[in-house]
Structure formats: C-alpha cells, structure tokens
Amino acid sequence: TALIVALARATLVISRDGQIIDTVLYNLSPYIQSSSPIFASQKMFVVQAIINFFVHSGSGQAALTMPIMAPLADLAGVSRQTAILAFQLGEYTNIIIPTSAVTMGALSMAKVPWEKWAKWVIPLQIILMLLGFLLLIPPNLFGWQ
Numbered sequence: 001t002a003l004i005v006a007l008a009r010a011t012l013v014i015s016r017d018g019q020i021i022d023t024v025l026y027n028l029s030p031y032i033q034s035s036s037p038i039f040a041s042q043k044m045f046v047v048q049a050i051i052n053f054f055v056h057s058g059s060g061q062a063a064l065t066m067p068i069m070a071p072l073a074d075l076a077g078v079s080r081q082t083a084i085l086a087f088q089l090g091e092y093t094n095i096i097i098p099t100s101a102v103t104m105g106a107l108s109m110a111k112v113p114w115e116k117w118a119k120w121v122i123p124l125q126i127i128l129m130l131l132g133f134l135l136l137i138p139p140n141l142f143g144w145q
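Start counting the sequence shown at 1; every next residue gets the next number (the working numbering).
It should be emphasised that the hints constitute simulated quantities derived from the structure, not laboratory data.
Just so you know, even glycine gets a beta-carbon here, dropped at the ideal spot from N, CA and C.
All the given hints hold, so there is nothing to weed out.
Label-pair ranges, simulated between beta-carbon atoms:
#	residue 1	residue 2	range
1	Ser29	Leu124	32 to 38 Å
2	Val102	Leu141	30 to 36 Å
3	Trp144	Ala101	31 to 37 Å
4	Ala106	Leu130	20 to 26 Å
5	Trp144	Leu3	29 to 35 Å
6	Phe133	Thr11	26 to 32 Å
7	Ala101	Ile137	31 to 37 Å
8	Leu141	Ala101	35 to 41 Å
9	Asn94	Tyr31	23 to 29 Å
10	Pro30	Ile137	20 to 26 Å
11	Gly18	Asp74	19 to 25 Å
12	Ser36	Pro113	39 to 45 Å
13	Ile95	Ala70	23 to 29 Å
All chains, full assembly: derive it from the sequences and hints.
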C-alpha cells in the first residue's frame with residue numbers, strides 16, 4: 001500500500017506541477033456543472049467505482065483521485081463530504097474485481113472459482129450500486145457539510 005500511495009503522490013506532484021490537473025478539471029467541469037448536485041455526486045460514485053478496478057488500494061485511490069474530485073465537487077455544488085462518501089461507496093466494487101489480490105486470495109483459500117463467485121455476487125453488486133445511488137441523495141438534499 002505504501003508503494004501505491006507513493007506512486008499516486010508522485011503522479012499528483014507531476015500532474016500539479018505540469019498543470020495537468022487544471023486541464024482535467026477544465027475539461028470535466030462542463031459534465032459535472034450541467035448536472036444537479038445529486039446527479040453529479042452519483043456520477044462521481046460511478047467514476048470512483050470504475051477507477052477502483054485499476055487502483056485497488058483505498059489510500060492510493062484517494063491520493064490519486066481526491067485532488068481532482070474535491071474541486072469538481074466544489075464546482076458542482078456538492079459538499080466535499082459527499083464527494084468522499086461517493087469515493088467510499090465506490091469501494092464496494094472490491095468484492096467482484098478479479099484483479100484484486102484480496103478477493104482472489106480469499107476465493108482461492110475457499111476453493112471457489114471466480115466465475116462461480118461472480119455469478120453469485122453480481123446481483124449483490126447491483127443492489128449495492130443502487131443502494132449507493134440512493135445513499136447519495138440525502139446528503140445533497142440536507143446540505144451535509
């Protein structure tokens with residue numbers, strides 16, 4: 001995990017010093033600003049779930065994505081706490097990702113093939129994603145700060 005955080009931090013420094021983050025924010029802001037805060041936070045949730053496929057470490061993913069997601073949340077009228085909630089809810093996809101060492105290790109110890117696990121867990125994953133969408137509504141409605 002420490003190596004992933006260090007690499008994410010190095011990526012952040014390069015992105016910030018090279019003004020890449022500003023470019024990314026400029027290009028993503030129309031997609032986020034054109035949405036209501038509820039829908040914007042749900043978009044952030046989906047993005048975090050997708051990024052979770054590539055970066056399994058929660059701390060590494062936070063170091064990599066939150067410098068972009070926090071200003072995007074500000075632009076969309078979403079509180080930073082809600083952006084962090086979207087980040088945390090996006091971590092639910094860890095239970096199905098076949099490239100996750102923890103998931104594959106647990107399945108290996110239990111002698112459960114990933115295909116069998118996926119067939120069982122996909123309905124649960126859909127429920128968790130829908131629940132994530134629903135859980136992002138109240139913080140936006142009540143101005144969670």
